[in-house]
Each structure stands twice: as C-alpha cells, then as structure tokens.
Amino acid sequence: MRRPSQTSSEDSFPNLKVMCERQDSGSSQSSSCSKVPGRSVEPADSMLELIPVLVEQVAQMEVVNPEVMRVTPVFRALEQFARALRAESAGDFYFKSRQTERISTFWSHSWHGGHWKKILAIITFYNGTAAVALALLTGVLVMVLFCFGTLPGIDRGWYFSLQWSCWSTCSGFVVASLAMIFWRPQTGIFLDRICISQNNERLKTDAILSLAGLLKHSDNMLILWDPTWTQRLWCLFELAAFLKSKKKTSGQHLIVRPIFMGPLSTLAFLTFFAMAVPITTAPVNNIRSVVTLMGAIASSFCAVAFPTASTIRSYFRDLDTMKLQLLSISVDSTRSSCCDQKHVTRSGGPMICDRKIVKECLKIWFGSESSFEDTVRTEVLDILNRDLTEKVFSTPWALGVTSPLILAFMDVSASWTHVNNEWKEEMWSHPAIALLLEGLVLWLLFVPPTKDLLILLLRLARRRPRSTCLELLKNAMVLGTAAVPVLLVIVAYAITRFADLVVFDAENATLRAVSFGCCTLLIALCNFLLQLGLKALLQRPGW
Numbered sequence: 001m002r003r004p005s006q007t008s009s010e011d012s013f014p015n016l017k018v019m020c021e022r023q024d025s026g027s028s029q030s031s032s033c034s035k036v037p038g039r040s041v042e043p044a045d046s047m048l049e050l051i052p053v054l055v056e057q058v059a060q061m062e063v064v065n066p067e068v069m070r071v072t073p074v075f076r077a078l079e080q081f082a083r084a085l086r087a088e089s090a091g092d093f094y095f096k097s098r099q100t101e102r103i104s105t106f107w108s109h110s111w112h113g114g115h116w117k118k119i120l121a122i123i124t125f126y127n128g129t130a131a132v133a134l135a136l137l138t139g140v141l142v143m144v145l146f147c148f149g150t151l152p153g154i155d156r157g158w159y160f161s162l163q164w165s166c167w168s169t170c171s172g173f174v175v176a177s178l179a180m181i182f183w184r185p186q187t188g189i190f191l192d193r194i195c196i197s198q199n200n201e202r203l204k205t206d207a208i209l210s211l212a213g214l215l216k217h218s219d220n221m222l223i224l225w226d227p228t229w230t231q232r233l234w235c236l237f238e239l240a241a242f243l244k245s246k247k248k249t250s251g252q253h254l255i256v257r258p259i260f261m262g263p264l265s266t267l268a269f270l271t272f273f274a275m276a277v278p279i280t281t282a283p284v285n286n287i288r289s290v291v292t293l294m295g296a297i298a299s300s301f302c303a304v305a306f307p308t309a310s311t312i313r314s315y316f317r318d319l320d321t322m323k324l325q326l327l328s329i330s331v332d333s334t335r336s337s338c339c340d341q342k343h344v345t346r347s348g349g350p351m352i353c354d355r356k357i358v359k360e361c362l363k364i365w366f367g368s369e370s371s372f373e374d375t376v377r378t379e380v381l382d383i384l385n386r387d388l389t390e391k392v393f394s395t396p397w398a399l400g401v402t403s404p405l406i407l408a409f410m411d412v413s414a415s416w417t418h419v420n421n422e423w424k425e426e427m428w429s430h431p432a433i434a435l436l437l438e439g440l441v442l443w444l445l446f447v448p449p450t451k452d453l454l455i456l457l458l459r460l461a462r463r464r465p466r467s468t469c470l471e472l473l474k475n476a477m478v479l480g481t482a483a484v485p486v487l488l489v490i491v492a493y494a495i496t497r498f499a500d501l502v503v504f505d506a507e508n509a510t511l512r513a514v515s516f517g518c519c520t521l522l523i524a525l526c527n528f529l530l531q532l533g534l535k536a537l538l539q540r541p542g543w
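Numbering of the sequence shown is given in UniProt numbering, commencing with residue 1 and proceeding in unit increments.
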C-alpha cells in the first residue's frame, strides 16, 4: 500500500514522486502521486539518500502538521451509497473531514477486498445496535397499544374468536430497516480517502508521514478484515504502529471485524423476520394449517441455512490460511503497490520503495526486523485469532439477528390479552404473561448456547470435501446435529403444556412457562458441556 512521503521542511528534499495507494480512488489504488514543487525529479540513487530522513520522521510517531489530524463522522463516510468506500468512485472527499485533537477510531482496511461487504459490515457495526434497540422499543410500544385495544387485530381462524396482533413484528422490522439506512452515527473516524487530501500535495505527504502519529492519537483501531488484509504491507505497518503506541498509551482498544459479517448479519435478520411473519399472520384454523405453517418455516430456514453454513465454514478456512501466512510472515513477502509497479510511476519516473522505509521503522520500534516478525507470529496472530474466532459471533450479535423472534412472541402474547380480562385476580397465571416469559426464555437462554454450538460444529467441519455432494452432506450433518437441541426444546414445550395439570390439577399458564424455562436451562447446560468437549477437541493438533 503506497502513500506519498515528504517531510515538513520542503527544502530538506529534492523533488520526488511516490505513489499513494491507501487513499487512491482507482481500482489499482496507485494513480495518485505526491511531489514537492519547484524541483526536478532526481535519479533513483539520490532517492535512497532520502530514506533515512523519511524513516526518522515516520518512526517518531508524531504528527508533523496539526492540519492532518482529521476525522469524519461515520455517516459522512456512508453518504451517497458509501461512495468514499468504493474504489471505482472518483472524487475528492476531503471537505467531509474536520481537524481534531483526538481520533476516536482509526479504520484499517484493504482496498483489495470486496467493498460492498465492507460497507455492509460498517453499517451493521455502527447502526445495528441502534436498529435493534429501536425495533424492540417500538415492538413494546405497539404491544401495549394493542393490549389496550387501540390497534386492530386480524382473524386467523382460531377455534374461538381471537384477534391476533402482528404489529410488533411488522413495525419492528420497518423501524429496524429505517434505522439501518438512515441512522447517522457521529463517531469521529479516520478514513484515509476522506481525511487525507487528494489535491493538496503538501497535506497529503504530511498525512502519510504522520500515519504512525495518527495511530498514536487514536482511541481505537477498527480492522475491517478480509483475506487480503494480512497480505498488505501497509496494513501490517498500521497494526505494528498501533501495538507500539498501545504499549505507551493506556485506554487504546483494537477491534477486529471481518467484512463478511455485514452480509451474514443482514441475511440472518431477514431470515428470522421471514420466520416471524407467518407465526403472527398465517391462518391457524386447523391442525393441517399449523403443520403446513411449521413445514414452510422449516423449509425456508433450511434454504438459507445451507449456504450460510458453507459461508461460515469458508470463513474458518480463510482463518487457517491467515494463520499459515502469519506464521511464515516476512516483510519481504507482503505486497505493496510500489513493488508491484517495479518502482516506476506511470509517467516513467522513479518511485521510493515503501518496503525499505517500513523495514527501517520496524527496526527502530521493535529492535530488528526479525523481532517484528516474531511479534506478528505470536502477539498479532493471537490477537487476530482470538478476535476473529471468539469475538465475532458474540451473544449480543446473536440476540440482535434473532430479535424478530421476541417481536413475534410480543405479538402472540398481546393477542391473548383479551382472552381473559380478569387481570387483577389472575395476572401471573394469565396466558399472555406466560407466552411472553416463554419467548424471553427462548431468546435469552436458548439462542446464545445454541449459536455457540453451531459455530463450533461449523469450525470443526470447516475443511472442504472433494465434491459438491459431500459438501452438501457435510452441511446437512452439521445442521442436523445443531438441530437436536431445537427438537428437544420443541418436545419440552409440548410436554410442559400438561405440567400444571399434573402438579396442581388445575390450569396455570405461568407454571407451564416456569416448567418450560427449567427444561430450557437443562438443555442449555447440556449444550455448554458439549461445547467444552468440542473446544478440547479443537486444541488437539490437526484441528
């Protein structure tokens, strides 16, 4: 990755042209150049004399010009369909940034990965929490309105007159979608293409020389990871500079987010919404319609689950490749545009080699080049491996993408509020309260451990077989194994429908809900114990 290099003193250097891959708008990321005005281009040999001066400037980890310490709000980077994040989009976006004294989050990314995946990853990362929170609040609000008879219901053909609600599910989805699109996160981030001037060569060069200093003054570093990230010289340089500054400054945090999580999160949320809609709207006038409904839900889920399983298994294979790359890492093996172009600009002039500058900086920061490579093989590998395996599929993420389920339970619960209006005497035994409790039990106690089990199984089965048929069979085996706890929960739900009659010889919906909660806890405990065994298996060589 190529950035223009220039010191703060214009008279210190002869004129030179260097490529600027990091913030270039072209697909090759190497069309932007920077030069010191007023001098002719020197031969390549004279450029070598500049390297020690440039190295000294970069390795100091200071900002050479306060004007280049800039941030832009996240929403500005996403404007015009995230034009600034699309490599093929031309233009200068410097006007979207402003000068600051501190950078909240430094974005580290490769311009060689899928840009739409990256855009979706950023949207879900910054807007996802707000979208889910607003959806849940909206769901609660319309549930209360329906309970008080303010909103109308629909007749689904139930065996006695019952008006069903679908307001929480539908309004929650609409609000979540609008929030994902129109929420304007104000976090001040450093995005190279916006915060580095494309037209002012002086500011551009000062920004490149200040890169390590910018990282030093960043509270967080967000790595938007894809398989090309670990292959790029400047990406590893950014991580090295951040780790170096992190040792000197407390309170800095490293966040790693794989870009494929954007499409995956969106697809998962849409899938669970598609499952929730028939739960709240489909006719339930007889047993056949209920069976048909369950079959349709299961079929649609399988249609999405198979490609999703293949995607996650492929992701874990990419992590294996990343580990091999980092274990055999050397600065010479990474890719940089200057070396790809044989150190010759498009106009035929000489180009300074980034690799030589980076090597000397690493020697100053880590003592030697081999010491940095050892750090990559140990500390960096541990950080990326931990964050990309354990912190990606987190419990908050799982609760967010499955939030349509609890919205559906809100609707079902609200629908039963009018069955028995004697709330004062029978509030805690009312079916509406019991249904809402059962929904919370499923969402909070069952979804997280089942997600953990599924991810572990996919990680164990990550190797790709030789044929497509075996690939489908492998996915079916993994999904079938993960479906066992789901089937157990369904059986437990059916059995606990009679718990109140067996224990108290009287109907009590809350007792049924408590019995179901206990069964769910037991299944979650079994899930946890199975996960311990699978994790121990993953520690063995060859897994």
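Simulated from the structure, these hints should not be mistaken for laboratory data.
Don't be surprised by glycine CBs; every beta carbon is placed ideally from N, CA and C.
Be aware that a few hints might be false.
Claimed, not checked - Below, in silico cross-link-like pairs of lysine to any residue (SDA-like), each with a Cα-Cα straight-line distance of 25 Å or less:
{"#": "1", "residue 1": "K451", "residue 2": "K247"}
{"#": "2", "residue 1": "K247", "residue 2": "L136"}
{"#": "3", "residue 1": "K451", "residue 2": "E201"}
{"#": "4", "residue 1": "K363", "residue 2": "L50"}
{"#": "5", "residue 1": "K323", "residue 2": "M275"}
{"#": "6", "residue 1": "K451", "residue 2": "L326"}
{"#": "7", "residue 1": "K363", "residue 2": "L326"}
Said to hold, decoys possible - Between beta-carbon pairs, the in silico distance windows are:
{"#": "8", "residue 1": "S289", "residue 2": "H253", "range": "45 to 55 Å"}
{"#": "9", "residue 1": "N385", "residue 2": "R335", "range": "36 to 46 Å"}
{"#": "10", "residue 1": "T321", "residue 2": "L522", "range": "31 to 41 Å"}
{"#": "11", "residue 1": "L445", "residue 2": "N285", "range": "26 to 36 Å"}
{"#": "12", "residue 1": "Q163", "residue 2": "C526", "range": "13 to 23 Å"}
{"#": "13", "residue 1": "Q80", "residue 2": "D340", "range": "27 to 37 Å"}
{"#": "14", "residue 1": "R540", "residue 2": "L293", "range": "41 to 51 Å"}
{"#": "15", "residue 1": "A90", "residue 2": "R540", "range": "46 to 56 Å"}
{"#": "16", "residue 1": "N285", "residue 2": "E471", "range": "36 to 46 Å"}
{"#": "17", "residue 1": "L487", "residue 2": "K363", "range": "20 to 30 Å"}
{"#": "18", "residue 1": "A494", "residue 2": "E390", "range": "47 to 57 Å"}
{"#": "19", "residue 1": "G149", "residue 2": "A90", "range": "55 to 65 Å"}
Structure-based check of all given hints:
This hinted pair does not check out: K451 and K247 have alpha carbons roughly 35 Å apart, beyond 25 Å. Using a Cα cut-off of 25 Å, the hinted pair K247 and L136 is violated, with the two alpha carbons roughly 40 Å apart. This hinted pair does not check out: K451 and E201 have alpha carbons roughly 50 Å apart, beyond 25 Å. As the CA atoms of K363 and L50 are separated by approximately 17 Å, the hinted pair is consistent with the 25 Å bound.
Among the hinted pairs, K323 with M275 is inconsistent with the structure: their alpha-carbon atoms are about 37 Å apart, more than 25 Å. Straight-line distance between C-alpha atoms of K451 and L326 comes to about 29 Å, which puts the hinted pair past the 25 Å bound. As the CA atoms of K363 and L326 are separated by approximately 19 Å, the hinted pair is consistent with the 25 Å bound. About 52 Å separates the C-beta atoms of S289 and H253, a value consistent with the hinted range of 45 to 55 Å.
With their beta carbons about 22 Å apart, N385 and R335 fall outside the hinted range of 36 to 46 Å. Distance hint check: the CB atoms of T321 and L522 are about 40 Å apart, consistent with the given range 31 to 41 Å. Remark: the range hint 26 to 36 Å for L445 to N285 is upheld by a beta-carbon distance near 32 Å. At about 39 Å, the beta-carbon gap between Q163 and C526 misses the expected band of 13 to 23 Å.
Distance hint check: the CB atoms of Q80 and D340 are about 30 Å apart, consistent with the given range 27 to 37 Å. For the hinted restraint 41 to 51 Å between R540 and L293, the CB-CB distance of approximately 44 Å keeps it satisfied. Between A90 and R540 the CB atoms are about 52 Å apart, so this pair conforms to the stated range of 46 to 56 Å. A C-beta distance of roughly 41 Å is found between N285 and E471, which places it inside the suggested range of 36 to 46 Å.
Between L487 and K363, the C-beta spacing of about 59 Å breaks the proposed range 20 to 30 Å. Hint check: A494 to E390, Cβ distance near 35 Å, so the stated range 47 to 57 Å is violated. Between G149 and A90, the C-beta spacing of about 57 Å keeps the proposed range 55 to 65 Å intact.
Figure legend: structure checked against the earlier numbered hints; hints not met, in rising order: 1, 2, 3, 5, 6, 9, 12, 17 and 18.
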